[in-house]
Structure formats: structure tokens, C-alpha cells
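Trainee: Here the structure of chain A is known, so what remains is to put chain B in place on it, guided by the hints.
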Amino acid sequence: MIKVFFISVILFTISVFPQTDNARRTADEAGWVKGGKADYRYQKPNNFRHREYSFDTESVSGFIAKSTANGYWYFISDLDGDNCPYRPSCSAFFVQASKETNIVQGTLMFFDRLTRDYNIYKRHEHYPRVKDGHYYDPVSLYTLDEEQIEYIPPSVTVTE
Amino acid sequence: MKIVFLFLLLCTATVQFAQTGNVDFNSPYNIKKFADYLFCDKDYLRAALEYERLTDTNMSDTTEIKIALSYSYIKDYYSAIQKFSGIIKPSVYFNEAKLEEMKVNFLINDFAELRSYFKNSFITEVGKYQTEGEKLFNYSYLFTDDELPLKDEFILPFDVKEKEKISSFYDWKKEPPYKDGTLAGIMSAIIPGSGKIYVGETGDGIVAFITTTVFAFIAYDNFEAGHTTRGWIWTGVAALFYAGNVYGSVAAAQVHNAKITFEFNEGLNIYLNKKNYYIPKYEFCD
Numbered sequence: 001m002i003k004v005f006f007i008s009v010i011l012f013t014i015s016v017f018p019q020t021d022n023a024r025r026t027a028d029e030a031g032w033v034k035g036g037k038a039d040y041r042y043q044k045p046n047n048f049r050h051r052e053y054s055f056d057t058e059s060v061s062g063f064i065a066k067s068t069a070n071g072y073w074y075f076i077s078d079l080d081g082d083n084c085p086y087r088p089s090c091s092a093f094f095v096q097a098s099k100e101t102n103i104v105q106g107t108l109m110f111f112d113r114l115t116r117d118y119n120i121y122k123r124h125e126h127y128p129r130v131k132d133g134h135y136y137d138p139v140s141l142y143t144l145d146e147e148q149i150e151y152i153p154p155s156v157t158v159t160e
Numbered sequence: 161m162k163i164v165f166l167f168l169l170l171c172t173a174t175v176q177f178a179q180t181g182n183v184d185f186n187s188p189y190n191i192k193k194f195a196d197y198l199f200c201d202k203d204y205l206r207a208a209l210e211y212e213r214l215t216d217t218n219m220s221d222t223t224e225i226k227i228a229l230s231y232s233y234i235k236d237y238y239s240a241i242q243k244f245s246g247i248i249k250p251s252v253y254f255n256e257a258k259l260e261e262m263k264v265n266f267l268i269n270d271f272a273e274l275r276s277y278f279k280n281s282f283i284t285e286v287g288k289y290q291t292e293g294e295k296l297f298n299y300s301y302l303f304t305d306d307e308l309p310l311k312d313e314f315i316l317p318f319d320v321k322e323k324e325k326i327s328s329f330y331d332w333k334k335e336p337p338y339k340d341g342t343l344a345g346i347m348s349a350i351i352p353g354s355g356k357i358y359v360g361e362t363g364d365g366i367v368a369f370i371t372t373t374v375f376a377f378i379a380y381d382n383f384e385a386g387h388t389t390r391g392w393i394w395t396g397v398a399a400l401f402y403a404g405n406v407y408g409s410v411a412a413a414q415v416h417n418a419k420i421t422f423e424f425n426e427g428l429n430i431y432l433n434k435k436n437y438y439i440p441k442y443e444f445c446d
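Chains A and B are the protein sequences, given in the same order.
Taking this note's numbering, the leading residue of the first sequence gets 1, the next gets one more, and so forth.
Taking this note's numbering, the leading residue of the second sequence gets 161, the next gets one more, and so forth.
Possibly wrong hints are sitting among the right ones.
As the list claims (entries may be wrong) - Facing chain A, according to a computed beta carbon distance under 7 angstroms, are these residues of chain B, among others: (1) 236; (2) 246; (3) 350; (4) 360; (5) 418; (6) 422.
Claimed, not checked - Below 25 angstroms or equal to it, Euclidean Cα-Cα: the simulated SDA-like pairs (lysine to any residue) are: (7) B:334 / A:88; (8) B:311 / B:437; (9) B:333 / A:150; (10) A:122 / B:421; (11) A:122 / B:351; (12) B:334 / B:351; (13) B:435 / B:415; (14) B:249 / B:286; (15) B:333 / B:313; (16) A:122 / B:287; (17) B:288 / B:315; (18) B:334 / B:291; (19) B:419 / A:124; (20) B:235 / A:153; (21) B:339 / A:147; (22) B:419 / A:147; (23) B:288 / B:419; (24) B:419 / A:156; (25) B:235 / A:159; (26) B:192 / B:166; (27) B:333 / B:351; (28) B:279 / B:429; (29) B:419 / A:133; (30) B:334 / A:146; (31) B:321 / B:331; (32) A:99 / A:60.
Honestly, the hints are just simulated from the structure, not real lab data.
Only a predicted model underlies this, so the values are computations on that prediction, with no experimental measurement involved.
Every residue gets a Cβ at the ideal spot worked out from N, C-alpha and C, and that includes glycine.
With the rest of the complex left out, here is chain A (with noise of 0.2 angstroms):
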């Protein structure tokens, strides 16, 4: 009866143990996955925070541009959150119409933009997706140079 008893303890203590933490833990470092909690993760991918602070424009419009940017990250957008439906979000839409155009024409394409960005009517319909589902507005279409402008139909998904 003991013996049976000792047996059943051994039985149970083994198949307890690799479902503790520290023996997932020990099959992980050892590259054994199967049967080790996998880490799943439900939040969409979302790069915002891994800004590109640097200034590598050689143009005047560029580098007002960038810093504007820049302040504007680092003050606001950081702390406030993804909020920008579009990519390139409207801040790096910015910086980029300044450096293919200039300062004068990227401001007007910028708060074009703005006002593309408060219409919340009907976005789906006007513009294609970007894989973490955010509206392609690339700043092409704006430049108003007509051989740059390429078409991009609402039901592609666009993989930049």
C-alpha cells in the first residue's frame, strides 16, 4: 500500500513540474517549445513609437519640416497616442511633402490633409488599406504632378 502510495506521489510530482513556470521556463532556454505556453499576442503590430528623429534632408523645406516633426513626436504624438487613421501618418505626410516639393506647397498639402483626415464619412470607399488596417494616402497623389499619380483601387491591400 505504501509503495503504491510513493509511486502515486512520484507520478504526480512529474506530471506537475513541467507546468510550472520554472520548467517552461528551462524548455524555452533549451529551444523546446512544444507543450511550452505559447505567447500570443492580440494587439494589432503598430510601429508608431519607433520614430525616425534624424535629419538627413539638405534642403531648407525639409529641415523646418522634420523639426516641426520632431516637437511634435516627442511633445504630443508620443504620449497622445496612434491616432492618425492614414499612413504616412499626417505628421511624416508632412515632412515628406516638404522634401518633394518645398515648405510653401508641403503646408498646403498638409492641412489638405488635415481636412481629409477630419471626414470620418465614407473613408473605406475612398481609400486602400495598409496591412494593420490604416487608409494608403501616400503624398504622390497630391503633388500635382499627374504622372505620379498612381491609382490605387479601395480593395487592394497595400503592402508599402
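Mentor: Frame of chain A, contents of chain B only:
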């Protein structure tokens, strides 16, 4: 026990015997048979490679066009054109090959080459499918900005059932429903947002009107209250929204026109695909 042993021996012997058959998998007959199987299984790249293993003496007209079709189906258009142009007159598929060549030019958007090929080669060399060739020739004008032929001439080769559709394509091409960017800009300069509404962006237009007027009112209200500095700040914001909207209306007209052109070309492609580029269907896999 003995019975089981004998049964197993018999099974093993049967399997061994089946594998020692004198089959030459590389014989022209078997290569062709395998290539035919791959072709009908839509494994076109491997089918073409298998067919090309055959020597000239084992090539048939059917094999030649199947090679060319395989390259065309896998979108290797350069090889496809080479193979189609290599199909010469005694071949029973000569006429089809020439029509296929026009199709490939369509697919690579080389409309200048397509027209030159039709005028210089197709009309004189090809006996059959002249009407089909002419249809493709005329259809190519819908994809380019070149001057359109007269409408009656344009729709002449098409069947009665098709005429209405082709006629609507022609009318669209002649007078596409584009929006004028300058007009959109002027409209937005007079009434903020109206240019956007003109190009079909009603939501953006309403938002532009509201933002501009609200910021302008705030500026006015501040001036009225004697807050000059704040008044000028809000005037600046209102002015930027106003100017941005005028600019955006011109840009929106361009985007609208690009969208219209895209949808028109999509419609043309869908119609042409439905018609199989006026090429008769092959019965290789039936």
C-alpha cells in the same frame, strides 16, 4: 504458416516484376504524354520545358503552339512572342499564332507594335481571322491617347451584339467624364469646399467648409473682442485651411481623373478577357 509465407512471396515478386518493366520514360512518346498531362494540369512552365525536350523531328504543329501558349500563360511574354513568331505557314495553327501574337502585344501594352504588326504583317499574311485582328487593332485605340478613328469605322468590324458596348467605350474615350482641376480650384476659392464637392468628394468639401468658416469666425470674434493677437493667429489658421482646400481641390480633380481612367481601363480589360481577345478556344484538354 506456409500459406502466409507463400502469399508474401507472391506479393513481393509481383511488386518487383512491376518495377522491372521495360519502360523508357524518356522516349518521345512518353515525354509528349507527360507534357500533355502537365499542360492540361495548367503546370505550364514544366509543360513547356518537357515539350522542348522533344527533337525537331518529333515536334508537331500542336506541340509548337502549346509551347508558345505555355509561355504566354505564365506571362513570359518575351519567350511567348518568339515562339508564336516561330510558327510558320504550313502549321495548322499559323493563323491562331498570329492572333496570339497580337494578344501578347496587348498584354505588354505595346500598342504601337501591335498596330504596326497588324498593318504590315497580319493583313497580308494571315488568311483567317481578319475581322478578329481588326477588332483588336481598333480596340487598342481605347488604351492610348492617340487620335481615334471615325466612330462608324471604329465599330464596323464588331458584331451587332457588341456594337452598343463598343460604342459606349468609344464615346467615353472621346469625351471622358474628367473634372477640371482649375474650375475646382476656382470654386473652392469662392466657396470653400465647393470644388471638392464638384469632384465628388462631398464629405471632404463639407469638412473644408466647416473648418474654414469656423476658424474665420473665431478670428472675427477675437478681433471684435479686441484680442488682436489671437485674432491674427486664428486668421492664419483659417487662411491655411482655406488655401489648403483650394490646393486640395485641384489635386482631388487629378486623383478623380486618374480613378476614372483606371476604372475605364479595368472595364476594357475585363471585356476583352471575357471575349478571350477574340481568339477561338482550343480543344487540347477536352
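Trainee: Give me the numbers of the hints this structure contradicts, sorted from smallest to largest.
Mentor: 1, 2, 3, 4, 7, 12, 13, 16, 23, 26, 27
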